[in-house]
Structure formats: C-alpha cells, structure tokens
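Can you make the complete structure from the sequences, with help from the hints?
These protein sequence lines are chains A and D, in that order. For what it's worth, this note's numbering labels the leading residue of the first sequence as 1, then goes sequentially. For what it's worth, this note's numbering labels the leading residue of the second sequence as 328, then goes sequentially.
Bear in mind the hints are in silico, worked out from the structure with no lab data behind them. Idealized CB from N, CA, C, for every residue including glycine. Please note that the accuracy of each hint is not assured.
[To be verified] In the PhoX-like style, the derived pairs of lysine-lysine whose C-alpha atoms are separated by at most 25 Å in a straight line are:
#1 D:Lys493 <-> D:Lys373
#2 D:Lys502 <-> D:Lys557
#3 A:Lys54 <-> A:Lys118
#4 D:Lys502 <-> D:Lys373
#5 A:Lys93 <-> D:Lys577
#6 A:Lys95 <-> D:Lys577
[Said to hold, decoys possible] Quick look at which bits of chain D chain A covers, simulated, 3 or more residues with Cβ under 8 Å:
#7 432 to 438
#8 543 to 549
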Amino acid sequence: MTPIAANEGYYGLPMLKRPLWGWEIALYFLSEGISSGCFVLGTMAELFGDGRHKTLTRHAHYLSLATLAPCPPLLIADLGRPDRFHHMLRVVKLKSPMSVGVWAMGGFSGPVAMLALKQFARLEWMPGRMLAIAGLPFALTMLAYPGVLLSTTSNPLWARTRFLGPLLATSSMASATSALAIAAALDPESDERTREALHRIEGVAKAAESVAMAAYVATTGKVARPLTKGRYATMFRIGAFAVGVALPAFLSFSRKKPGRAATVISSALSIAGAAALKWAIVHAGRDAAEDASLNLAATRADTAHPGWLPGVETRTGVLAGSGPSAP
Amino acid sequence: MTAEEFVNQAVEVWARPEPPAAREPTGFFTDTTLCIGCKACEVACKQWNQLPGDGFTWTGNSYDNTVALSATTWRHVAFVEQMDGSNHAPRWLMMSDVCKHCVQAPCEEACPTGSLIYNEFGNVYVQQDICNGCAYCVAACPFGVIDRNHEDGKAHKCTLCYDRQKDGMTPACAKACPTQSIQFGTVSELRERARRRVEELHARGETDAYLYGAERAGEYSELNSFFLLKDKPGVYNLPEAPRRPLARLKTNYAASFAAAVGLAIVSALCFGKRGR
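What follows is the structure, encoded as structure tokens:
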C-alpha cells in the first residue's frame, strides 16, 4: 500500500461545489452594466447639462432599453427551472443580493421602457425628468450589485475581497460611457461638447477601473491564482487589462481631442475588455471552487475566524504527522 | 391542465400558510470515533429518500467510492488511511459526512425565492415546489454540500428526514447506523452527550478528539449537525474555519455604491457647467 503522505486535504478532491453560472451570467453582467450605466449618464446629462447634451440623452434612452432587453432571457435561461422564473418575485429579501438585483431590475425596467417610448412616439406630455429621477436609484443598484452578489458566496476568488463590487461597477460605467461615445462619434448631429465630456468621463472611469482591478488582485492575493495563472489568465491579463484598459488609454486618452475614428476604435476595445473581464471572473470562479489546496488555504483559522479546532498553533506539530497517533 | 388549475398553481406560489409551531431544534451528532465505514447510512438515506444511484466507479481512494455529497447523495462516508511507512498499524479515520444544518445557513440567506427555510425543527430545508434552480445556494455553501440536480434542475440536500421527523421517527441514517456513530436528537441533548464523550475520550488518552461545530466560532454559527473529529478538519475535507458570506455584505455594498455614485457625480460635473 502506498503511504498517504499528504497531511491535509482529501485525495485532492474539491471542498466546494463549482458555481453553475456560465456564459449567460457573464453576458448578463456586461449587458445590464451598459444598460444601467447609460441610464445614469443620460440622467446626469439631462439634469446637469443645461440642454447641451440632447443627443446623448436620446442615445442613452435607446441604448439602455436595447441592452436591458436581453437581460431577462439570459437570466431565465440560466435557471435550472426556467418555467419557475416568477418564483423570484415571491419574496423581497434584502440579505440576498440576487433578490435585490431582481427587484432593482424590475424597478429599473419601467422608467427605461417609458423613456424610450416617450422619445420614440414623441409623447411630450410624459414627465421625462421625473422618470429619469425615479429610475436613478434602481440604475445605481444595478451598477453596484453584481460584484456584491459574487462576493456574498463561499467562493474564494469572489469572496476574499471588497473590491469585486467596485471593479464590476467601474467596468460597467466605463463600458456604458464607451457605448455612448461610439454613438456620439457615429451620429453627425452630436455636439462637440458632448464628445469632449464623454471623453473625460471615460478617462476617469477607466482610471477608476484600473485602480479597482489592481486592488482586487492585490487583496485576493494567492486566491486570485485561478484568474491570474489559470486558464482564464490570458483573458484577464490580455483581454480585461491590455485590450480593455491599457490600449484604449494609449489610443485615445493620450490625446486631448481624439478623432471620431479613434474614439470608435478605443471605445470598442474598452467594451471588449469589459466583456473579457466579466467572462473571466465568472468562469474562473469554477476553477477556484475545484482547487482543493486553495480552499484549504482560504479557510485557515485566524484571530477573527477561530474555527473549531482547539489550539490550532500548538497542535499543528502533533497532528501534522501522518503516522498513527496511538500510544 | 385546465385554465383554472393553471391559475391556482400560479397563485399558490404567493400563498403564505401558517407555518407549524416551532419545536425544539433537532440535529445530528456524528461521532467519527465510532464509525466503522459500513455505509449503512448512505444506503438507508438513498432508500428512504428514493435517491437515484450515481453510477459505479472505483476511485482508488481507500474504500470511498462515493466521493462527495451531492444533489443525490446526502450521506457520504469518508475514509482516511494514515500510515508512516513503518510496520505500525495504520490509523483509519472514517466519517459519515452530511449537511451541517447551520443555525445561520449561507444557503438559506442566499436563496432569492424563499425556497430554503428553517423548518419547525430548526433544520435547513429546500421547498421543492418553490426552488427554481438559480444555484446561488450552491456557490454560497462553505461546505460544498448543496448542489443542483441536472435532471430536475432544482437544488437538493439532506432534509434531516423531515417526513420521518413529522411522524416522530428517527432519520433513516441514524436509524440504520449499527454503532451509534450517527446520533439523532434535540441539539441541546446531543451537545451535552457529545461533551461527555469528548471528556471520556480525553480521559482514555485520546486527547486529539474535539467537537466540530457544537458552538459558535467567531462569525460562523453553530452547526445543528456537528461532528466529533480526531484530526484537522482539512483531513476530512472540511474547512478549518468557514467564513460567513453575509458577514461582509454591508461593507461590500458600501464600496460598490461608492464607486457607482462617485462616477455618477464625475459625469454630472463633466456634463455640467464645470465641464466648461
């Protein structure tokens, strides 16, 4: 018989079940991020823009609806029992970020649909500003909750950090700004001041995203292994960072006034980067759950988390031996 | 299905019948020093709960061909052979693993449909008529217990034999266990019994015996289904100190909203007069 040398771990078998979320959820996070981000930007332009950014608000209303539309089908397709999707509406549960997200999307969809309809059918009697203000808290919740949802799990890659929420929120704002920048660059009616404002916002959002990305990798530490060294490492490093942040910065933000073509290219890269980021984070969570040694390391006892093993420090020597303990 | 039946079924989802009156919490005390690895618990559980087989494979991992708890396996006997290469008799550790029925269960906290509840016995229970298979509980459980069945698309785990308890019977695994390694009862009584057992083992010189989950540990709640172990939790594939997912909910929301609101303010400034 082969002696079992390993002191800990159980035949290298995973301690956790792998999360079942896949491409539907990655695409959902991208789409709902653009939708809610566009809504926030459109609302801000309308409230504080003194009528200078009318084309942007128009683009924002349509983009918001267009990117919100695929969200419910994506979420329903991901369920084990899609025919029971309405069971999500049984309860309002503030401690469950998924319940919060469902209700936020419900509250968000009303103003989004009405604003797009008002614009399309030229229904001047509809209170545009009131609808925009009513949708704002829901839009901000949609921006903020995806990272919190992933962090409120036992998956080490998602749960061992406070920066996943900010990372996904800033990425969503950045990709929404990019989407509006593309629309502004392609629309001959768009105002020069609108394009400049979007350029500035995109720069700040990208900077915030890179800070959040660095903080996320730094705070997760060794636990970030499935993302930084695993099979999603290329997607994360090249896709999310190089294509999504570094290259657009080089192409566009190095110049004070980028041309329309440069804006379209750099903004498209930035959206592709956001897609890569969300895809990699959702999928690498599966690898994190299946990495047995990672979970052993991530659930070690410390002063804040004593666990149940008595006298962890003193007993390590005694119990680390794989030999029989009988006297 | 008639139209009336369809409507009734749809409305029933929102029905709030009066829940049964709370009883004294029940649970399992699994004493691994008494386990002989017969797997009667696994078989009794499968049989009573009518759970399908999981296929037949030799893993080569000692006598453990069950591998792990799953949506269709609610008891799992772990086998650990510890040898030092000398001629000493090996130490065998056997442990019948099961849902921990946490007093504050991350799966229950995550569930967005309210399918996961604490029933009148304080056990964590999945209401199968409600679950829509969103799989949040699967990612939330720090013990890797609950899973979604790919055939019916719903989450499943140990029910602590809710149906048997309602009829005043002992859960199938505890009933079948021939060595009383699995003991069922009220949690307060089981804890008392477990403490006496640890004292007894310590007095016999088996000083490495300890209870896993009999009390609260930091942010993590007591487990109504707790264990007597002889080695580090990791040896049995249990987390040494599980983290409570909900513990950082508020700070996570705060950081996330700060980022979203911050960028909204930046955009307001850029769109406004300040942006020239």
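Checklist entry - Going through the earlier hints one by one, which of them does the structure break, listed in rising order? => result none
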